[in-house]
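The listed protein sequences correspond, in order, to chains X and Z.
Numbering-wise, the first sequence is residues 89 to 259 according to our numbering.
Numbering-wise, the second sequence is residues 89 to 259 according to our numbering.
None of these hints come from the bench; they were simulated from the model.
Some hints could be false.
Chain copies aren't distinguished; within one or between two, either way the pair holds.
[As the list claims (entries may be wrong)] List of simulated lysine-lysine pairs, DSS-like, C-alpha gap at most 25 Å: (1) Lys253 to Lys161; (2) Lys154 to Lys237; (3) Lys160 to Lys254; (4) Lys131 to Lys196; (5) Lys154 to Lys131; (6) Lys196 to Lys160; (7) Lys253 to Lys131; (8) Lys131 to Lys254; (9) Lys253 to Lys237.
It should be emphasised that the depicted structure is a prediction, and the values quoted were computed from it without experimental measurement.
There are 2 protein chains.
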Amino acid sequence: MIEVLRIGQRVVRDDRVTTHVALVARAFGAERIFMEEVNPRIKGTISGINERWGGEFEVEIIRDWKEVVRRKKGHSKIIHLTMYGEEVDRAVRRMGSEDALIIVGAEKVPREIYEMADYNVSVGSQPHSEISALAVLLDRMQDGRQFSKTYGGAGRRIVPSSNGKKVVVEK
Amino acid sequence: MIEVLRIGQRVVRDDRVTTHVALVARAFGAERIFMEEVNPRIKGTISGINERWGGEFEVEIIRDWKEVVRRKKGHSKIIHLTMYGEEVDRAVRRMGSEDALIIVGAEKVPREIYEMADYNVSVGSQPHSEISALAVLLDRMQDGRQFSKTYGGAGRRIVPSSNGKKVVVEK
């Protein structure tokens, strides 16, 4: 089981990026995202996506991210995504099969995260986006298998097509 | 050589997402991004990143995206990222080694793109983000080699580290 913890986002300014982080978590096989503060519309957006596209991905609003990390520590491996971290392929090879909590920061994160994490992981050593970093980490951890996952109860389902849109309406 | 064409973004509302798309293009080995309308700050942001982190990634402002596609067609394979497309792994296996132009749309794209493209490619069949979709496509096309690329003339360079920040100042 993989969960994601989003920290450090600034409400309004980071809302769209945080929404994309949540969508990546959902589409790349995580079960839940924890967020401290949040524009309530983000939760509604994700519920609407579940309704339409299936699955039971959860947005859980929390008060204190440190409490979440402490609660998970020892049961789940704590992975902190940072451009300063160890190379993703090397880190993933060292990881065991226990559950994972992936911490996705915004621009600034408190330094203590580096100590609380079991793995500080980078996706390349160039600046890009927490959205792409999360996607590549989840892809590497699951070796691409996340794209074969089925999302139960979907209202519609896409049939991959090389030249148009094919959508099956399921209910 | 890989280039990216960003279309359909709404100025202001999509500025941060477009900036992240440009940063992913740069960090995942593309040489250039073409954009129609753009907040001039995006160009400045990317110049600042090149100055600090190296390389010569270019932002080219265009008037007409169709003209860019027509100019490239035949020399570069035209790849359109869409959640309705053919599965990325299957598409990448079919691709030749010629240059590539990757079209990254925002929410709505004109239907004719599906016809203009040589490949309509999806990264999973669930909604997520054009930022993560571009990252995974570039990763698959280059088989992870983009992360070994060096960025000449960098003012600073990160040394990957499992427990803190190591930055070498180069000039």
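Hint check results:
Taking CA atoms no more than 25 Å apart as the test, Lys253 paired with Lys161 passes between copies only; the shortest distance there is 22 Å, against 44 Å inside one copy. Taking CA atoms no more than 25 Å apart as the test, Lys154 paired with Lys237 passes in neither setting, with 31 Å inside one copy and 36 Å between copies. Taking the shortest alpha-carbon separations for Lys160 and Lys254, neither the intra-copy value of 41 Å nor the inter-copy value of 28 Å comes in at or below 25 Å. In this homomeric assembly, Lys131 and Lys196 come within 25 Å of each other (Cα to Cα) both inside a single copy, at 24 Å, and across copies, at 23 Å.
In this homomeric assembly, Lys154 and Lys131 come within 25 Å of each other (Cα to Cα) only inside a single copy, at 21 Å, whereas the closest approach across copies is 37 Å. In this assembly of identical chains, the alpha carbons of Lys196 and Lys160 lie at most 25 Å apart only when taken from the same copy (23 Å versus 40 Å across copies). Proximity of Lys253 to Lys131 under the C-alpha cut-off of 25 Å is found in neither arrangement, the shortest distances being 27 Å within a copy and 34 Å between copies. Taking CA atoms no more than 25 Å apart as the test, Lys131 paired with Lys254 passes in neither setting, with 28 Å inside one copy and 37 Å between copies.
In the homo-oligomer, the alpha carbons of Lys253 and Lys237 lie at most 25 Å apart inside one protomer (20 Å), although the nearest pairing across protomers, at 36 Å, exceeds that limit.
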